[in-house]
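Q: Next come the chains, spelled out residue by residue.
Number of protein chains: 4
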Amino acid sequence: MIHLFEPDKFYLSIGSHPPALRIESGDTVETSTVDAGGFDRNGVSVSGRGNPQTGPIHVDGATPGDVLAVQFSKIWPNRDHGFCRPRIAANVLEPGHDSGVENHDIFNFSLDFGSNTATIKDPSEGLKNLSVPIRPMIGCFGVAPDRGQAISTATSGPHGGNMDYRGFEPGVTAYLPVFVEGALFHIGDGHAWQSDGEILGTGIEISMDVTFTLSVIPQKEIFWPRGQNKDFIFTAGNVRPLDEALQHCSSEMLRWLVDDYDLSLPDANILLGMYVQYDVGNVYDPAYTMICKIPKSVLPEPNKDALVSYSA
Amino acid sequence: MIHLFEPDKFYLSIGSHPPALRIESGDTVETSTVDAGGFDRNGVSVSGRGNPQTGPIHVDGATPGDVLAVQFSKIWPNRDHGFCRPRIAANVLEPGHDSGVENHDIFNFSLDFGSNTATIKDPSEGLKNLSVPIRPMIGCFGVAPDRGQAISTATSGPHGGNMDYRGFEPGVTAYLPVFVEGALFHIGDGHAWQSDGEILGTGIEISMDVTFTLSVIPQKEIFWPRGQNKDFIFTAGNVRPLDEALQHCSSEMLRWLVDDYDLSLPDANILLGMYVQYDVGNVYDPAYTMICKIPKSVLPEPNKDALVSYSA
Amino acid sequence: MIHLFEPDKFYLSIGSHPPALRIESGDTVETSTVDAGGFDRNGVSVSGRGNPQTGPIHVDGATPGDVLAVQFSKIWPNRDHGFCRPRIAANVLEPGHDSGVENHDIFNFSLDFGSNTATIKDPSEGLKNLSVPIRPMIGCFGVAPDRGQAISTATSGPHGGNMDYRGFEPGVTAYLPVFVEGALFHIGDGHAWQSDGEILGTGIEISMDVTFTLSVIPQKEIFWPRGQNKDFIFTAGNVRPLDEALQHCSSEMLRWLVDDYDLSLPDANILLGMYVQYDVGNVYDPAYTMICKIPKSVLPEPNKDALVSYSA
Amino acid sequence: MIHLFEPDKFYLSIGSHPPALRIESGDTVETSTVDAGGFDRNGVSVSGRGNPQTGPIHVDGATPGDVLAVQFSKIWPNRDHGFCRPRIAANVLEPGHDSGVENHDIFNFSLDFGSNTATIKDPSEGLKNLSVPIRPMIGCFGVAPDRGQAISTATSGPHGGNMDYRGFEPGVTAYLPVFVEGALFHIGDGHAWQSDGEILGTGIEISMDVTFTLSVIPQKEIFWPRGQNKDFIFTAGNVRPLDEALQHCSSEMLRWLVDDYDLSLPDANILLGMYVQYDVGNVYDPAYTMICKIPKSVLPEPNKDALVSYSA
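Just so you know, the sequences run in chain order A, B, C and D.
So the first sequence is numbered by my numbering: it starts at 1 and just counts up by one.
So the second sequence is numbered by my numbering: it starts at 1 and just counts up by one.
So the third sequence is numbered by my numbering: it starts at 1 and just counts up by one.
So the fourth sequence is numbered by my numbering: it starts at 1 and just counts up by one.
Worth double-checking, as some hints may not be accurate.
Identical chains share a label here; the pair holds if one copy fits it or two copies do between them.
Stated by the list, open to error - When the alpha-carbon atoms are kept at most 16 Å apart in a straight line, the in silico EDC-like pairs for lysine to aspartate or glutamate are as follows:
{"no.": "1", "residue 1": "Lys-128", "residue 2": "Glu-102"}
{"no.": "2", "residue 1": "Lys-128", "residue 2": "Glu-301"}
{"no.": "3", "residue 1": "Lys-304", "residue 2": "Glu-94"}
{"no.": "4", "residue 1": "Lys-304", "residue 2": "Asp-27"}
{"no.": "5", "residue 1": "Lys-9", "residue 2": "Asp-27"}
{"no.": "6", "residue 1": "Lys-74", "residue 2": "Asp-231"}
{"no.": "7", "residue 1": "Lys-74", "residue 2": "Glu-94"}
{"no.": "8", "residue 1": "Lys-121", "residue 2": "Asp-196"}
{"no.": "9", "residue 1": "Lys-230", "residue 2": "Glu-181"}
{"no.": "10", "residue 1": "Lys-74", "residue 2": "Asp-60"}
{"no.": "11", "residue 1": "Lys-121", "residue 2": "Asp-60"}
{"no.": "12", "residue 1": "Lys-230", "residue 2": "Glu-30"}
{"no.": "13", "residue 1": "Lys-128", "residue 2": "Asp-262"}
{"no.": "14", "residue 1": "Lys-220", "residue 2": "Asp-196"}
{"no.": "15", "residue 1": "Lys-74", "residue 2": "Glu-125"}
{"no.": "16", "residue 1": "Lys-74", "residue 2": "Glu-169"}
{"no.": "17", "residue 1": "Lys-304", "residue 2": "Asp-259"}
{"no.": "18", "residue 1": "Lys-74", "residue 2": "Glu-30"}
{"no.": "19", "residue 1": "Lys-230", "residue 2": "Asp-209"}
{"no.": "20", "residue 1": "Lys-74", "residue 2": "Glu-24"}
Quick caveat, the hints were computed from the structure, so don't treat them as lab data.
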């Protein structure tokens with residue numbers, strides 16, 4: 001079933017807020033997200049700033065210990081202008097290295113849906129040729145955490161959240177551990193473009209039309225967000241420092257290889273050691289995100305209980 | 001001029017050891033390296049273990065404050081077998097996450113120069129299809145540091161060293177700061193294959209035939225190793241933790257953009273923020289290596305004093 | 001005014017939960033806390049495990065931008081037995097260093113209020129002389145954070161939380177930034193004894209009788225928890241890694257010296273540099289805690305708006 | 001035997017430099033060190049800057065696998081003026097937190113050997129009462145590392161080096177692993193006063209008269225520097241980040257408790273967990289230093305092979 005959902009309330013934390021929509025496992029939701037500053041498709045401020053979330057969406061039957069699969073079929077800007085910040089974050093540069101950016105005004109970008117590119121409005125001479133493709137992604141999505149927690153949409157964790165990883169794009173299926181009844185899915189903070197690390201503290205921030213399918217995979221233990229696209233399976237570690245984020249995503253991948261691909265643990269060591277690829281998700285937010293990837297082409301057949309085998 | 005050089009003495013630290021060869025700036029050296037364990041092309045142990053280095057090579061005229069450009073034209077295995085270790089390093093996994101590898105015997109690989117692939121000898125059932133392309137790289141190279149230091153070839157720093165980055169491959173030109181008269185270039189630790197992070201503590205370790213050209217770029221200030229290949233310019237930060245390695249390579253790239261591409265510092269913030277890509281070099285050695293890359297296609301024309309403009 | 005408050009509901013997160021008690025600024029509360037596992041003075045389980053909190057207490061008139069002063073006059077065990085865990089946390093030891101503890105049963109301690117000491121029940125031969133003084137402290141207390149957040153009592157942050165610092169003991173006044181109307185103070189997780197770092201993941205966990213006075217200091221900007229005892233003023237940085245926790249508490253102290261002691265910023269650099277002392281609060285929880293201290297004896301007179309000058 | 005040794009050559013790295021003095025195990029050396037900038041007791045520049053070292057001293061019979069015990073009986077300023085830097089290091093403050101110190105001139109201190117205090121020359125109004133006791137310590141000492149290495153006196157490691165820990169003072173015996181024949185002991189960088197962390201990048205830098213006894217403890221395995229004073233045994237972890245330094249000193253202490261005090265590993269977990277104290281040595285140098293201490297009063301009797309039982 002497809003639900004057309006028009007959000008009218010937005011949250012700045014991911015938690016056990018009252019559900020805005022109730023769906024069944026396998027249902028698809030067509031909705032929209034506002035930009036990081038709370039501005040919608042019409043450029044109207046409809047929420048406070050800081051990655052306001054559409055949702056939460058209650059998925060009937062989801063219970064703690066399950067996994068929620070989030071299949072992103074569409075993420076596309078629903079307006080023709082976005083913005084980014086002008087300064088590399090101080091924590092990305094050497095201590096005491098001055099970024100040299102004194103004017104903190106945001107940069108506005110115009111999107112051209114003919115060429116599918118974004119360009120800076122009123123660029124300086126040095127940036128007058130800067131034009132990036134529209135490559136939409138979603139910066140923040142997740143499920144309500146346990147212990148009655150509600151976690152700021154500035155940060156991320158095992159529940160997902162503000163991972164700001166450019167790989168969360170259309171065609172990806174993400175997997176999140178379910179902590180509460182109904183899972184309570186939230187989504188927001190679209191970027192028309194972002195490179196590694198989100199080192200400006202922003203991508204090109206914009207409101208989006210999004211379509212995704214939420215499915216419950218019963219009683220499957222995962223500790224951190226996972227995902228797959230056409231070519232890779234991947235895991236996310238969301239924490240500071242980057243070293244620890246890398247430990248989490250690497251451990252999560254090792255568990256995945258053993259659980260779902262019937263590899264012995266020693267064989268999984270070798271396979272991961274031979275083929276691992278790391279992506280830096282973000283190094284700006286309170287929790288950094290490191291991604292551990294492995295190409296599907298080098299994996300054995302997944303078993304019948306594998307995450308990637310599941311279909312709604 | 002081309003120097004054919006047959007090494008007969010190897011060092012386990014990079015420092016002001018007596019030069020094994022003296023060349024002029026712009027000269028090319030054809031030589032060989034032994035594997036990480038000190039075994040040569042014939043499988044004969046000719047050095048103690050731990051990334052023994054061929055060299056040092058004294059480049060006449062190189063003085064502190066200069067840059068040494070190292071143009072790698074050939075890195076290719078000179079024997080048909082290599083090895084890797086079987087276990088993901090404990091520091092790459094969550095604290096207390098047991099890798100489950102009890103047999104620490106190395107894995108031996110056979111190289112087939114017809115198909116240009118490497119396969120495990122006597123694989124387990126789970127790994128019997130594992131075959132990787134031969135994609136040679138050099139794990140460790142560098143110049144003598146200052147203060148009379150000699151730094152272990154297990155680790156890396158501003159002088160280069162054991163960066164274990166798979167991007168140091170044929171076709172790359174690396175740039176190193178010169179700290180002593182003659183620069184004193186060292187090289188060793190070839191890998192037939194390695195993925196991100198060197199998380200097994202090894203790639204496929206093997207002896208190599210190597211050809212490279214060493215050129216002095218006079219009085220140019222760089223703080224960390226840099227490089228370029230056909231598509232990218234890149235910088236390396238070599239230190240623990242990974243967060244700090246990322247700070248160094250990011251700062252170094254920001255300096256590069258301003259110095260060599262005539263960008264204002266604010267414009268360089270935006271350009272780097274929009275296009276940066278990070279590669280995880282290694283997360284195994286005493287110093288980790290993070291790489292900051294930017295595509296040449298998005299850069300302005302380099303100025304006449306730019307590193308990439310220099311030709312011998 | 002003194003409020004005798006008997007808690008009957010406990011929270012596992014610190015957030016905007018319904019107030020259990022409403023008081024005025026300057027009022028004193030006499031209440032109790034259950035142990036980390038949810039057991040009360042009678043050894044009865046009254047809550048789920050994980051540092052259940054007494055509260056929240058709504059302080060009338062507290063508004064965002066204020067500071068809440070928490071004057072601890074009493075923290076004392078209300079039963080004669082506690083427990084600790086038997087194993088040094090894996091993240092405190094070198095990667096791969098096996099703690100060698102296979103039996104994860106907790107250690108029980110008997111408290112003797114004659115000698116004011118705690119001793120292990122049924123000790124091994126090697127530990128039969130182990131006896132520690134009763135030196136009570138409170139592991140976790142804090143105020144509701146902003147953005148509608150509710151943060152697990154396993155961790156800590158600018159709002160306080162599970163700092164597990166042995167210096168939060170009777171005689172201390174702690175200062176917390178107020179994020180929501182009424183501040184919403186929570187408290188729990190008493191330890192009869194704990195050394196630096198809480199490296200076993202516990203102190204001697206026990207239920208407590210606690211008495212404290214809550215006062216609102218209007219419109220005073222602080223970013224991290226602060227405190228004072230008879231001899232020191234101190235600040236807490238609560239985050240991973242330890243390096244960043246140290247940055248936060250050091251920066252917070254530098255701000256404090258300038259704001260409240262009328263030192264110029266350069267003079268504050270020297271004073272802090274000459275006299276700083278650091279305590280490791282905890283290196284176990286999801287956020288580590290580092291403490292920056294400076295002896296009162298070396299400080300100039302505080303100004304009239306200083307935190308330490310404030311009296312209810 | 002006592003050797004009076006007048007140094008006339010100084011090294012900026014700790015390594016296998018030619019011995020300046022040869023002694024027997026158990027001999028005492030009376031010598032002097034220049035200040036961090038290379039100035040001697042007469043204020044004369046006799047070396048380049050950066051913690052120049054007196055030595056190396058070759059101890060006959062010391063071989064790799066031994067331990068070198070360094071008993072400090074005297075460390076005392078041999079002139080009446082020292083200096084410190086004016087600015088808290090950028091890496092000690094939050095990223096982007098400006099220390100506000102624009103004048104980088106050093107502060108000079110006058111030492112008064114009547115009151116045994118040091119005071120700033122020409123203080124600002126705010127610092128006019130600043131007076132610290134003379135509490136001399138040695139910032140940098142160590143032995144030559146393995147692999148032919150020579151390591152900068154700016155940094156530290158398993159071989160000792162620039163630990164800048166204020167606990168290395170008269171009355172302390174330090175223990176270092178021996179890596180090369182003769183151990184090759186170096187010493188320099190005295191501070192008349194330093195607090196935790198060396199956050200200004202200096203203590204009060206001064207030249208010193210030093211007296212110490214060097215003894216070889218044969219074939220005893222230690223991995224990191226250790227020490228004892230009247231009240232404590234302690235270990236040093238020297239590396240970045242601080243989290244990893246803490247892991248090394250904690251693991252080293254756990255090994256020490258089991259090896260020398262005949263505790264079972266589980267008992268050692270509890271003992272360390274109950275009594276550990278951490279000191280922040282330095283958070284300025286390329287390697288940070290964290291100290292793990294345990295009071296002698298809570299330890300069992302050391303066994304006959306214990307480090308602390310050894311006497312020359």
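Q: Confirm or reject each hint.
A: Hint check:
1. Lys-128 with Glu-102: This pair counts as neither: shortest intra-copy Cα distance 20 Å, inter-copy 36 Å.
2. Lys-128 with Glu-301: between (49 Å within a copy, 14 Å between copies)
3. Lys-304 with Glu-94: Neither way: Lys-304 and Glu-94 sit 48 Å apart in one copy and 28 Å across, limit 16 Å.
4. Lys-304 with Asp-27: neither (22 Å within a copy, 60 Å between copies)
5. Lys-9 with Asp-27: So Lys-9 and Asp-27 fail the 16 Å test inside a copy (21 Å) and across (38 Å) alike.
6. Lys-74 with Asp-231: neither (18 Å within a copy, 31 Å between copies)
7. Lys-74 with Glu-94: Result: close neither inside a copy nor across copies, 38 Å intra and 34 Å inter.
8. Lys-121 with Asp-196: Close neither inside one copy (23 Å) nor across copies (38 Å); limit 16 Å.
9. Lys-230 with Glu-181: neither (31 Å within a copy, 49 Å between copies)
10. Lys-74 with Asp-60: neither (23 Å within a copy, 48 Å between copies)
11. Lys-121 with Asp-60: neither (45 Å within a copy, 49 Å between copies)
12. Lys-230 with Glu-30: neither (22 Å within a copy, 43 Å between copies)
13. Lys-128 with Asp-262: between (53 Å within a copy, 14 Å between copies)
14. Lys-220 with Asp-196: neither (30 Å within a copy, 29 Å between copies)
15. Lys-74 with Glu-125: Cα proximity of Lys-74 and Glu-125: none, with 35 Å in one copy and 41 Å across.
16. Lys-74 with Glu-169: Close inside one copy (8 Å), not across copies (39 Å); limit 16 Å.
17. Lys-304 with Asp-259: Only inside one copy: Lys-304 and Asp-259 sit 11 Å apart there, 50 Å across copies, limit 16 Å.
18. Lys-74 with Glu-30: Within one copy only: 9 Å inside a chain, 54 Å across chains, cut-off 16 Å.
19. Lys-230 with Asp-209: The answer is neither: 22 Å in one copy and 38 Å across copies each exceed 16 Å.
20. Lys-74 with Glu-24: Close neither inside one copy (20 Å) nor across copies (52 Å); limit 16 Å.
Checked against the numbered hints above, the structure breaks hints 1, 3, 4, 5, 6, 7, 8, 9, 10, 11, 12, 14, 15, 19 and 20 and satisfies the rest.
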